[in-house]
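Peer 1: Now for the letters of each chain:
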Amino acid sequence: MIPNRQAVVRVGVLLVAAVLLQVSAVAQIAVFGGTADLIPIAVAASALYGGSVAGAAAGFAAGLVLDLALGMSLGGSSLVLTGVGYGVGRFAELRDVSHGLLPIAVAAAATAIYDLAYGAVTFMLGLEATVSALVLREMLVGMLLNAVLALPLFAFVRRVVRPVLREDLAARRRRGRPREAGPIGLRGLEV
Amino acid sequence: MYPDRKTIRRRRALFGGLVLASVALLTVWFGEPMGGVLHTLQRGAQEVLSPIQTGASRALKPVRDAFAWTGDTVKAKGENERLRAEVGRLRRDLASTQTTYRDAEQLAGFAAIARRDTFPAGTQPITARVIARSPTVWWSSVQINRGSGDGIRVDQPVITGDGLAGKVVATTGGTATVRLITDERSSVSAQVMPTGADGIVRPKVGNPNDLLLDFVEKGSRVKQGQTVVTSGFSATGGLESLFPRGIPIGRVKKIDRSELDIYQTLHLEPFAELKRMDFVQVLTAARAGERAEVATP
Chain W
1 MIPNRQAVVR VGVLLVAAVL LQVSAVAQIA VFGGTADLIP IAVAASALYG
51 GSVAGAAAGF AAGLVLDLAL GMSLGGSSLV LTGVGYGVGR FAELRDVSHG
101 LLPIAVAAAA TAIYDLAYGA VTFMLGLEAT VSALVLREML VGMLLNAVLA
151 LPLFAFVRRV VRPVLREDLA ARRRRGRPRE AGPIGLRGLE V
Chain X
192 MYPDRKTIRR RRALFGGLVL ASVALLTVWF GEPMGGVLHT LQRGAQEVLS
242 PIQTGASRAL KPVRDAFAWT GDTVKAKGEN ERLRAEVGRL RRDLASTQTT
292 YRDAEQLAGF AAIARRDTFP AGTQPITARV IARSPTVWWS SVQINRGSGD
342 GIRVDQPVIT GDGLAGKVVA TTGGTATVRL ITDERSSVSA QVMPTGADGI
392 VRPKVGNPND LLLDFVEKGS RVKQGQTVVT SGFSATGGLE SLFPRGIPIG
442 RVKKIDRSEL DIYQTLHLEP FAELKRMDFV QVLTAARAGE RAEVATP
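Protein sequence lines correspond, in order, to chains W and X. Heads up, the first sequence is in the working numbering, so the first residue is 1 and it goes up one at a time. Heads up, the second sequence is in the working numbering, so the first residue is 192 and it goes up one at a time.
Treat the hints with caution; some may be incorrect.
Coverage of chain X stretches by chain W, computed from C-beta distances (three or more under 8 Å per stretch; other residues unrestricted) [stated by the list, open to error]:
hint	segment
1	208-216
2	235-243
3	254-267
Computed footprint of chain X on chain W, listed as stretches where at least three residues anywhere in the stretch have a Cβ under 8 Å from a Cβ of chain X [claimed, not checked]:
hint	segment
4	15-24
5	28-35
6	43-56
7	68-74
8	80-86
In short, the hints are calculated from the structure, not lab data. C-beta: ideal position from N, C-alpha, C; glycine also.
Based on the provided sequences and hints, a complete structural model is requested.
Peer 2: Quick look at the structure:
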């Protein structure tokens, strides 16, 4: 996605809403001992439909809003979510992302990477927390819940973002690499 | 159309810049005091966002409650099953404890009754557990888990920890059948203490909590609450009671005196809880010379 003002506004509103929804409601709904996390889903969806640049920017912005809203160590979430957004965006740019069930795998992977990377960052920042089986179970449950929520949320993000995409990644990929010109200088005539 | 080198460089530069910005934010945030720029900015952002968060939290409360209700219901279901299992286990434990307590209470009763001054000595009691009861409402007989192999013979008296229960009417090698004093065919020679009035204890069929002491002479000054024990009657000609003297039977609760009858009838409340007894003792060696029961079929 080539960023434009309308896209920035839409994705920005989407991310702020995701953060507020997450901290106000979703984080308080425990299912099987874990909670869903909308933020990595929103970032991953933005990156999947917008590309690596949009993904990294969305990740940074979402992390910043999250850290500001919750008073967490400023920059920690941004660092991790920037990586998540960039990685998913690069994946979307290099691979075929047209499969209908792909959001499930992307959401699960993004959540797992986010959880692990944020844990690593927190650990490096000197927070001495014990990684117990309970934490791992919560992470696993959270990943599964995000996988369950992936399809509707990705569809929603796509609906919000797609109208402002200047260039559809899938369409761009479908066009493929420009074929080499033939010996007589005409494309399409491989003689 | 694939991106050119410039686009790639710009993309990587943006990514690197954002990562560096994040690291810089972290570094500054950790390095600055609480009143620093970033902390102040964070507090400001929280002040701005907190009303929105509060509003969102209130607005989404029904959704949270709905999920919580569902979760609580599922959890309650699992907890219900767990608690049911625990209740079952505790009930079993309680039943076991109560059974043990009750057994101990009844067995202690045997020791207590044997210590009474009036209780016959040298009876060589054999303790047995009640293993079957007659299914009728009359509570006429029970089966015990001791038999002829344990030295139990027909006609031996049987007691509970409270008083007389009946007598043995049949034996096998390992079991014996006890006819209770509430059986219609039962009759026991008895004496009211301390007046010494004699009579025959018979059941009031259909009411195991009421025994009748018949053939008590009208002149006997019997009062309510007096104790009735086996009289251990012995007569000339070899007629003697199966029950040794001094086994408590019951307490006088009512006296029927009819002008026409030459005897008075006493209503007794039996000491032995025949409906609830789990243990009995068979007196295998009642003392000779103290038997005086009217023969029963």
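Peer 1: Tell me the hint numbers this structure goes against, listed in increasing order.
Peer 2: Violated hints: none at all, because every hint is consistent with the structure.
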